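Enquirer: Chains as they are written, first to last, in my numbering: chain R, 56 to 339; chain G, 231 to 596; chain H, 470 to 1015.
If you're looking for bench data, these hints aren't it; they were derived computationally from the structure.
Careful: at least some of the hints might be erroneous.
As the list claims (entries may be wrong) - Partial selection, computed: residues in chain H whose CB lies under 8 Å from chain G:
1) 585
2) 588
3) 789
4) 855
5) 856
6) 880
7) 962
8) 963
9) 964
10) 977
11) 979
What the hints assert, rightly or not - Derived SDA-like pairs (lysine to any residue); straight-line CA-CA distance at most 20 Å:
12) G:463 to H:873
13) R:168 to H:499
14) G:463 to H:857
15) R:168 to H:999
16) H:596 to G:575
17) H:906 to H:875
18) H:596 to G:355
19) H:498 to R:174
20) H:745 to G:355
21) H:498 to R:226
22) H:596 to G:425
The structure displayed is predicted, hence computed values, not measured ones.
From the three backbone atoms N, C-alpha and C, an ideal C-beta is built for every residue, glycine too.
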Amino acid sequence: MSSLPPYASTGQRVWHYSYLAICAAIFFFLIFPIIVILPLSFNAENFFTFTPAMLALDPEGYSLKHYYDFFTNPDWQQALKNSVMIAPVATILATSFGTLAAIGLSQSHVPYKPAIMAVLISPMIVPLIISAAGMYFFYSRIGLQGTYWGVVMAHAALGTPFVIITVTATLVGFDRSLVRAAANLGANPVTTFFKIQMPLIVPGVVSGALFAFITSFDEVVVVLFLGSAAQKTLPWQMFTGLREQISPTILAVASLMVAISIVLLTILELLRRRSERLRGLSPG
Amino acid sequence: MKLKTAILATSAIAMMSGTAVAKDMTIVSWGGAYQSSQKKAYAEPYAADHSDINIIWDESSNEAVAKLRAMNEAGNITWDLVDVVASDAIRLCDEGLALEIDPDEDLAAAPDGTSAADDFGDLLVSECFIPQIVYSTTFGYRSDIEAWNGKEPETVCDVFDTETFPGKRSLEKRPINNMEWALLCDGVAKDEVYDVLETEEGQERAFAKLDTIKDDVIWWSAGAETPQLLADKEVVIGSTYNGRLFSLIEEQDQPVKMLWDAQVFDLDGWIIPAGLPEDRLAAVKDFVKFATDTQRLADQAKYISYGPARASSAPLVGKHADLGIEMAPHMPTDPANAKNTFLYNYEWWADYRDDLDAKFQAWLSQ
Amino acid sequence: MSETADQLLTTKDGKPLKAALAKALRRDKLRALALIAPLLIFVLLTFVAPIVDMLFRSVENDIVSETLPRTVIELQDWDAESGVVPGDATYNALHYDLMIAAEKKKHTQLGTRLNYEETGISSAFRKTGRRVDDFGEGYTDQFVALNEAWEAPATWVDLLASPDWVKSQATWAAGDQKATAEPSFVINDTARKALPQTSEIYGAFARTIQVEDQDSPTEEEPWNAVYSALYEDLTANPAAADAFSGANEALLSEAAAAVATFTPVDIKALFVKADKDWGEPSIWQTIKTFAPAYTSGYFLNSVDAQLTADGVQMKPEDERIYLFLFGRTLMLSMAITISCLLLGYPIAFLLAHLPLRTSNLLMILVLLPFWTSLLVRTSAWKVLLQQQGVINDFLVWIGVISDAGRLVMINNQTGTIIAMTHILLPFMILPLFSVMKTISPNYVRAAKSLGATNWTAFWRVYFPQSVPGIGAGAVLAFILSIGYYITPELVGGTSGIFISNRIAYHISSSLNWGLAAALGTMLLAAVMILFLVYDRIVGIDNVKLG
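Turn these sequences into a full structure, and let the hints guide you.
Expert: What follows is the structure, encoded as structure tokens:
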């Protein structure tokens, strides 16, 4: 697909290039809304609008004030702090439980596997509004509503399916003969796990952890219901910002988050390459 | 029995720890400019004399009734003071979720000695409600629409006149206010609106009137939407809270003007959740007494254009803190603005809200 | 079995191989379960339990029978079809129930609950609750006029309290009153038998003031309703005084003799005066219909039907909305899924056939939106799609449309479909990509070498092999889309909102939690069915994310 053979007919050429054009258009569709927010985050006005000054590329139309607002406004800083307090803990919970369970699920004999899998995946499948409502009523009843641990546990539950899926995926590609070879060479199961299995599933664990992290870091519906002021996260602050007072500070935050996402994605890609090197697949 | 033990235990701890440790007080409000006006006018001066109180702000007033009900079910009240609109205060009071207050005991008298009950007067619409401000839901329109040929809307019925004033309108996505305006513009006298709206025919009449502009309406559900839509020229005229329009016109300097005709007055104020332990209750009562005195309510008007709920505060309303303009002419209660106002009937809506809401949603989705 | 043991295969240590294998298998299973257990328990507790708990709310309805126990019993014998209001006994029962409920502030909750079923009940309860403590005043005045002792709290305690309670109350009163609460009030057996209604209402009064106001029955004059109950007890049983002795007997015989001459209070008239609805059968029908502790009412509401005295009926035309919304949610989700597929397939195909390094770089373009805050992406679409927005401005600038003819692309279904497609597209691309990666290029090459055109080779050979990916991506996108809430709320206007938006509305604004739970259950059921379909197509353990 990557290139046309020299003998391609004109029709094939036309088709090939129009196909590439279509793909380019779709990539544009994917990325354009994210590009659009970048200039708007430098808007000198307090609205989500391209002002005439901005379109004329007048420096007057641009300002860093929304970034300044984000870094100086205690509300935003508190929200950032809360997000940073909640997401990693939820990630650690989700990743440790999820990795163990994924290893368990990949064993050859698991009773009731489909039922267990259905329960474990359900947080990803059940509509968020239903999860949020259910947790809201239930956590209120047991006194977890409006507490730090309530939000952390809810976010951990929402993040686990991603860990399960990614770790199971690395285990599916896992070559069992490696374990047998290790056993043959005299390694006990624990050594085998740490020396053979662990290095191979680490990329799966890390990418699962990143998914779990982003699930918590970007989650707004559940935290809106379950949290109280003391757990106000960045997405919550953005949501109230959108509802109560539309301010491009949200866009400044978003632009920063996009930058962080790019960094994280690059890390993921590097890890993936490492994993493939370890498995002996050529990085292509 | 448990309750009293708990109270004793907490007060004992409070006594032991003395005033060295600041006590948290969670105040729930609406966020945005309104909450920041409360911070500046009430919380900051209060904090100056009360270093032992640490105020935490929560922006959940929109979900206050639901959350208070859930907290009550769980028996764990984490809020100390909640800012709600009057209709929610009535609901909370009815359900026993808000504490009944005695205005003369719990609220400060006016400087001239008028009792709090008289100073607030009719605005004490519920036994649990401590009014702060009078706000109104009214219209703002863009003043630079060429298609209007220099005409400007003068009455609320111009909203329904898409011939003279073409362009999109924004209205709130709920029946309250819209149904009343529709009937008023369909020729129903102001004092008969609710009688007419109670009948099937009256409701059909209101919907029929709204049908005439349905295709031109963008429906909003959060107060920030209409100002954004007006600033974007997405709509030419739209309803929202008057304070939002003030900020759009005066602070953001947008070409928008106020249409005060048939503005619907509503109240906003505090309630204290029922079931607070005694030490927290005492702390919050102290704060409320301070925050709703004559001067504090007048001060709030420096930051936002909502009318203070006390009669004695009105003469003290001064200039805007940053812009330096007189605030009085921007108040919904100013005589020039309040020539034609509409009073929102809380009781009536408490009954008909569910029913009309279902009909309204069905109408919207047709 | 034992006789044939020597013929079985055995392990080295002599155990039957079958048993050894079974044991090993069991150990394997246990080890697997032990690894899974922490997460399973965690998810069951933090996630599944809350959802089951919420589903329970959709049928729970004990508020009516708990708040109005006496009325509900009285109404059992009333014929709802009769077209006349129930008898005076029911009004009396409601008087007592409402009196207690009003003191506990439960009556307006009940009013709100019943108002979901019939408009106007809310205010009937609220208005009546405000006046109900005066209903028995006529009797209070007549008893007190007869003998001032009836005004004294001590008279009542002496008459009705159990001697044990009097003793423990005295001990409590002598000690540190703040350390513990007053002992809970107990009625004596004599009174319970001779004056059943009075005992019951007074007992309710005593416990209510103890719990709600931390007051003592020894210091508070009883509610008017207690006098009203005493009047009825004495009218029904003039010999009640005989069961008592001493001062109580004298007091009661005096009262028993006098009640015949009392002016009766018309409780029913007082109810009708408080709210005219009490004079209509319909309010009673509603109470009777919703008296059972479990109700199908919320589920009926969620499919635009309602439970009435005549059975299940569809709601009036102008109030039907939920079936329509369910339908629209499904239709829009389908449209979103299809557009995801149309946009996702070419991209996944491209990514699967590019060299790994290039495809991974392009994959970042797919994952970046996936990881950008949902709120931000939705707001970005607002900026792009609105009438004065970027796209319209551009189209006007290049002259495709006129300034007056700007396209309406937001606050309607188009807006929802575009924004949601953007949000769900990665969920379509990722499973498609992982399936396409596994399709061997040899089949297509073989087809081509056998003379197939490019199109035939793709359509007849490649495409069928990618169908599992399509199935996986489509079901995933569809499941996620029917539960969406925030995006339709922000860009959907009125024609692009989903059933989830109504669920959120009923949770946080209308507070009709039962209906929210019923709607949620229906939505959940739909998702579960799709989930099973998904399981059939791809197997749950084959979901892949990049």
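Enquirer: The structure should be examined with respect to each hint, and the outcome stated for every one.
Expert: Results for each hint:
Because the smallest distance between the Cβ of residue 585 (chain H) and any Cβ of chain G comes to about 6 Å, under 8 Å, the interface hint for this residue holds. A cut of 8 Å between beta carbons decides the hint on residue 588 (chain H): the least distance to chain G is about 4 Å, and the hint holds. For residue 789 (chain H), the interface hint holds, the least distance from its beta-carbon to any beta-carbon of chain G being 6 Å, beneath 8 Å. With 8 Å as the threshold, the beta carbon of residue 855 (chain H) comes within range of chain G, its nearest partner Cβ sitting at about 5 Å, so the hint holds.
The interface hint given for residue 856 (chain H) is met, as the beta carbon of that residue sits about 6 Å from the closest beta carbon of chain G, less than 8 Å. Look at residue 880 (chain H): its Cβ gets to within about 5 Å of chain G, closer than 8 Å, so that hint holds up. At its closest, the beta carbon of residue 962 (chain H) sits 7 Å from a beta carbon of chain G; the interface hint therefore holds under the 8 Å criterion. At a threshold of 8 Å, the smallest CB-CB gap from residue 963 (chain H) to chain G is about 4 Å, leaving the interface hint in force.
With 8 Å as the threshold, the beta carbon of residue 964 (chain H) comes within range of chain G, its nearest partner Cβ sitting at about 7 Å, so the hint holds. Look at residue 977 (chain H): its Cβ gets to within about 5 Å of chain G, closer than 8 Å, so that hint holds up. At a threshold of 8 Å, the smallest CB-CB gap from residue 979 (chain H) to chain G is about 6 Å, leaving the interface hint in force. A threshold of 20 Å between alpha carbons decides the hint, and for residue 463 (chain G) with residue 873 (chain H) the separation of about 13 Å falls inside it, so the pair holds.
Between the alpha carbons of residue 168 (chain R) and residue 499 (chain H) the distance comes to roughly 13 Å, so the proposed pair stays at or under 20 Å and holds. Between residue 463 (chain G) and residue 857 (chain H), the direct Cα distance comes to roughly 7 Å. Compliance with the 20 Å bound is thereby established for this hinted pair. Taken as a hint, the residue 168 (chain R) and residue 999 (chain H) pair is honoured in the structure, with Cα atoms around 19 Å apart against an allowance of 20 Å. For the suggested pair residue 596 (chain H) and residue 575 (chain G), the alpha carbons sit about 15 Å apart, so the restraint of at most 20 Å is met.
The suggested pairing of residue 906 (chain H) with residue 875 (chain H) is violated, with an alpha-carbon distance near 43 Å, which exceeds 20 Å. As the CA atoms of residue 596 (chain H) and residue 355 (chain G) are separated by approximately 15 Å, the hinted pair is consistent with the 20 Å bound. This hinted pair checks out: residue 498 (chain H) and residue 174 (chain R) have alpha carbons roughly 18 Å apart, not beyond 20 Å. Taking the CA atoms of residue 745 (chain H) and residue 355 (chain G), the gap is near 24 Å; set against the 20 Å cutoff, the hint is violated.
Using a Cα cut-off of 20 Å, the hinted pair residue 498 (chain H) and residue 226 (chain R) holds, with the two alpha carbons roughly 18 Å apart. With a C-alpha separation of about 18 Å, the suggested pair residue 596 (chain H) and residue 425 (chain G) falls inside the 20 Å cut-off, and the hint holds.
Against the hints set out earlier in the document, violations occur for numbers 17, 20.
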